[in-house]
Amino acid sequence: MADTVHAVEVHHTPAGFLRRYVFSMDHKVIGIQYLITAMVMALVGGLLAMLMRLQLAFPHETWPLLGKIFPVGMEGGVMKPEFYLSLLTMHGTLMVFFVVSMALLSGFGNFVIPLQIGARDMAFPFLNMLSYWVMVPACLVMLASFFVEGGAAASGWTAYPPLSAVKEAVPGSQMGQTLWIVGMALFIASFTMGGLNYVTTILNLRTKGMSLLRMPVTVWSLFAASLLGLLAFPPLTAAAVMLLLDRHAGTSFFLPSGLYFGNQLLENSGGTPLLWQHLFWFLGHPEVYVLILPALGITLEMMPVFTRKPLFGFRMTLYCLGAITFLSLIVWGHHMYVSGMSPYAGEFFAIGTLVITLPSAVIGMNMLASLYGGALRLKTPMLFAIAAVVFFGTGGFGGLFLGNPTSDIQLHDTYFVVGHFHLMIGGVTLMATFAGCYYWFPKMFGRMMSERLGKLHFWLTFPCFYGIFVAMHYNGLQGQPRRYFNFERYEFLAGVREPQFWITVAAFLLFIAQVAFLWNFFYSAWRGAPADANPWQASTLEWTTTSPAPHGNWAGEIPEVHRWAYDYSVPGQAEDCTPQNRPQSVAPVTY
Amino acid sequence: MHDRTDPHPPATHWGGGVSPVGTGWRKLMMWWFIITDGLLFAGFLAAYGFLRLAAGSWPERAQMFHLEFIALMTFTLITSSATMATAVGAAQLGNRKLALRFLLLTLLGGTAFLLMQAYEWSTLITAGATLTQNPWGPPAFGACFFLITGFHGTHVLTGLIILAITAVRTARGITQAEGIEMAGLYWHFVDLVWVFIFTLFYLV
Amino acid sequence: MKFKMYWGTWLFLLALTLAMLFVGGGTARLALLALLLVAMMVKAVLIGANFMHLRSEHRVLVWMVAAGLLFVGLALFAGIAPDGIRAFTLRG
Chain A
1 MADTVHAVEV HHTPAGFLRR YVFSMDHKVI GIQYLITAMV MALVGGLLAM
51 LMRLQLAFPH ETWPLLGKIF PVGMEGGVMK PEFYLSLLTM HGTLMVFFVV
101 SMALLSGFGN FVIPLQIGAR DMAFPFLNML SYWVMVPACL VMLASFFVEG
151 GAAASGWTAY PPLSAVKEAV PGSQMGQTLW IVGMALFIAS FTMGGLNYVT
201 TILNLRTKGM SLLRMPVTVW SLFAASLLGL LAFPPLTAAA VMLLLDRHAG
251 TSFFLPSGLY FGNQLLENSG GTPLLWQHLF WFLGHPEVYV LILPALGITL
301 EMMPVFTRKP LFGFRMTLYC LGAITFLSLI VWGHHMYVSG MSPYAGEFFA
351 IGTLVITLPS AVIGMNMLAS LYGGALRLKT PMLFAIAAVV FFGTGGFGGL
401 FLGNPTSDIQ LHDTYFVVGH FHLMIGGVTL MATFAGCYYW FPKMFGRMMS
451 ERLGKLHFWL TFPCFYGIFV AMHYNGLQGQ PRRYFNFERY EFLAGVREPQ
501 FWITVAAFLL FIAQVAFLWN FFYSAWRGAP ADANPWQAST LEWTTTSPAP
551 HGNWAGEIPE VHRWAYDYSV PGQAEDCTPQ NRPQSVAPVT Y
Chain B
592 MHDRTDPHPP ATHWGGGVSP VGTGWRKLMM WWFIITDGLL FAGFLAAYGF
642 LRLAAGSWPE RAQMFHLEFI ALMTFTLITS SATMATAVGA AQLGNRKLAL
692 RFLLLTLLGG TAFLLMQAYE WSTLITAGAT LTQNPWGPPA FGACFFLITG
742 FHGTHVLTGL IILAITAVRT ARGITQAEGI EMAGLYWHFV DLVWVFIFTL
792 FYLV
Chain C
796 MKFKMYWGTW LFLLALTLAM LFVGGGTARL ALLALLLVAM MVKAVLIGAN
846 FMHLRSEHRV LVWMVAAGLL FVGLALFAGI APDGIRAFTL RG
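Residue numbers (the working numbering), protein chains in the order written: chain A, 1 to 591; chain B, 592 to 795; chain C, 796 to 887.
Hints are computed from structural coordinates only; laboratory data are not their basis. Keep in mind that the hints are not guaranteed to be accurate.
Said to hold, decoys possible - Away from chain A, derived, C-beta distances all over 10 Å, residues of chain C:
(1) PHE807
(2) PHE817
(3) LEU831
(4) PHE866
(5) GLY874
(6) ARG881
What the hints assert, rightly or not - One-sided excerpt, in silico: chain C residues whose CB lies under 8 Å from chain B:
(7) TRP805
(8) LEU825
(9) VAL833
(10) ILE842
(11) HIS853
(12) LEU871
Using N, Cα and C, we set each Cβ at its ideal position, and we do this for glycine too.
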């Protein structure tokens, strides 16, 4: 009874612009809304990064024009240190939560899951719509924090107390920090609604024959990431509530006694920032897997399509996804080796971290093995997928040094860390996001994105991104600390000045290169070459419907699935791709 | 608002498949919501444990609480859980009248619990305990206690609202047994959380 | 009586609660503490199994709840709470 009545059986298109494109309950529209929102936020986050790079490369210049745009933070065209702190805080927050999470999990999660598992929509379309319309105020609140007294939050994306808990600490600790907490609360609410939908949809709404092992790896990775998100966000909510109380009710959850601010002794006693670090990283570490698992899934999804051979080690990849999901919940302490946490706990977390590299390495190897011996088609999505593999390898290598307490004590809070996590949760995820955009674009809009502009975008993005963050590893090894707004005073850092300059040049190039992508995306949606139902000759279910897919996803009945997702180059078959809905009697199943 | 006529008869149209968890998506979603909500309390309780150990000393429970009164509160909540379970069972048997009666009993129990909690809070506040102060020792106690029991109380209140809506809908005969079951799941969850709060705050 | 299980559970929960009240509330010794925590878990499992019908649910759902609530909840508690001792010693 319960399952036969859900709203997805309504598949006549809703009438009216508002119901169709704005307050839509169609998962595809919501997915595209999320993607475009993420692009806007990425532009803002990118601009913040450009301002930081400008300051780091030219600490003595004055920028009168910027002084006019930011009359408080850059008075007279000279950046104030506290403004720099706000920039890095908001860059991190926007990029982690409002760009990468949003694009991968909310954007592609919404768009791809029902299409790939053969459902007409999400389990609870109304909740899905609500989740987007809670995300919009979350974005607005975050952006609004730049315009309040004191400016945006300045305690880093990790919001460490006492900077985040004491209002007098820095200008950004005032209203900006409060808005940061409110924005995050809205984000978590929205994310939970989305996650509940993904999990139930994947488990309960699959089409006939779509057994769990026949689901494409993208769906599997989104499933694992949704579970992680659902499990890891609540403790952060708890921590955020306590932080709010510390700020506004005078409690001392995170504040020890003896704190001086402005020559005034605070009355707090009994708490410690160590508690915040624990609660924050209990979310923070799984969160990076929430980001990277879907990215790996999308990267793996590209492999068979553009090499025309089955995915290598499909089942082992799924086991590894499971192992990572499990282990990522118990390794949060490796962010806290120098926090004063018990060294015995550090040992436990170090072992866990080294164990988690094993399934990650297996997935990386499966990617490489999927490439080996394939008939490569170097279309734009594939180029970005290969870039994701490259970043995963390079970034993962740096992770080994940071996962070891002995080397981490030296490298902690240096640019080595910045370079490492940008390669992983910046590089792998953004490359996969681009790959996904180019790949599913025809299904979204019924048109192709321009290959020529796509390749231009790739050949500008990849080397710049790689150069910026590998150079940061080098600077970090020199001992350059993160979050400083000016390095001129430190003689031992004379060696990083030149790389600093070139990093800024590459960063600007990288930012400008994204214009090619944005132009390509929006122009092609309007004027691109029309796409047929299956432009990439792929086997998964979303390519069995028209491009763009109609409301309700399939005009007639939902196709029935007879095989796993990656039956490419089945021996004896004329075509090198056998769609999932082709019966076993027509073509043999290879797995 | 929705057109609920299924264009494909269920025999040919695959409406959801066999769930590997053996329930519909509604109940599955409710369970996952309970898991996330439970982890919220786990976060609070972990912080409480941390702060208590960090404080070194902790006030004697017997001098702050009237344990007999707390026992009465616990009794009320457990009983309301049992009446809720009975209401769900009655609804599943199709006995709407019995279900409604036990729903109302549950509402009564929940309200009584909230009132008793309000009384307990006011006693403590009169004695000088607040979010930032604790006349018996480390102020962390006051912060943890009011935060966690306050959050639990909010959940009880939410549960009461859900129960009231369910009761009205049951009286009108528009609630399915599944609706009562889901309200029940939430209510038992509230009771479940109290088991932990009761032990960790009042007894340990 | 059709709802014997529910009221049986109720009785059992009450008995456990009373027993816990009898031993708890004072300065707990370690053995007593362990006993209280075990009783707490027994009560939680009873509510989950009998009131929330987990005993008649599909085993995958049971595992999901057990892994989600018990494993993650315990990891959270066991990973964070004991570090309070460290905070206490560092403070001196």
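Consistency of the hints with the structure:
In this structure C/PHE807 is separated from chain A by more than 10 Å, as the shortest Cβ-Cβ distance comes to about 30 Å. The claim that C/PHE817 lies off the interface holds: its Cβ sits roughly 32 Å from the closest Cβ of chain A, which is beyond the 10 Å cut-off. For C/LEU831, the shortest C-beta to C-beta distance to chain A comes to about 23 Å, beyond the 10 Å cut-off, and the non-interface label holds. A Cβ of chain A approaches the Cβ of C/PHE866 within 10 Å, the least distance being about 8 Å, so the stated non-interface status is violated.
Taking the minimum C-beta to C-beta distance to chain A, about 7 Å, the non-interface status of C/GLY874 is violated against the 10 Å cut. Against the 10 Å criterion, C/ARG881 falls within the reach of chain A, whose nearest CB is about 4 Å from its own CB. Nearest Cβ of chain B to the Cβ of C/TRP805: about 4 Å, under the 8 Å cut. The hint holds. Because the closest C-beta pair between C/LEU825 and chain B is about 11 Å apart, greater than 8 Å, the hint is violated.
For C/VAL833, the shortest C-beta to C-beta distance to chain B is roughly 10 Å, which exceeds 8 Å, and the interface hint is violated. Nearest Cβ of chain B to the Cβ of C/ILE842: about 5 Å, under the 8 Å cut. The hint holds. Taken as an interface hint, C/HIS853 checks out: its beta carbon lies about 3 Å from the nearest beta carbon of chain B, inside 8 Å. Given the 8 Å rule on beta carbons, the hint for C/LEU871 holds: about 5 Å separates it from the nearest Cβ of chain B.
In the structure shown, a violation is registered for the earlier hints numbered 4, 5, 6, 8 and 9, in ascending order.
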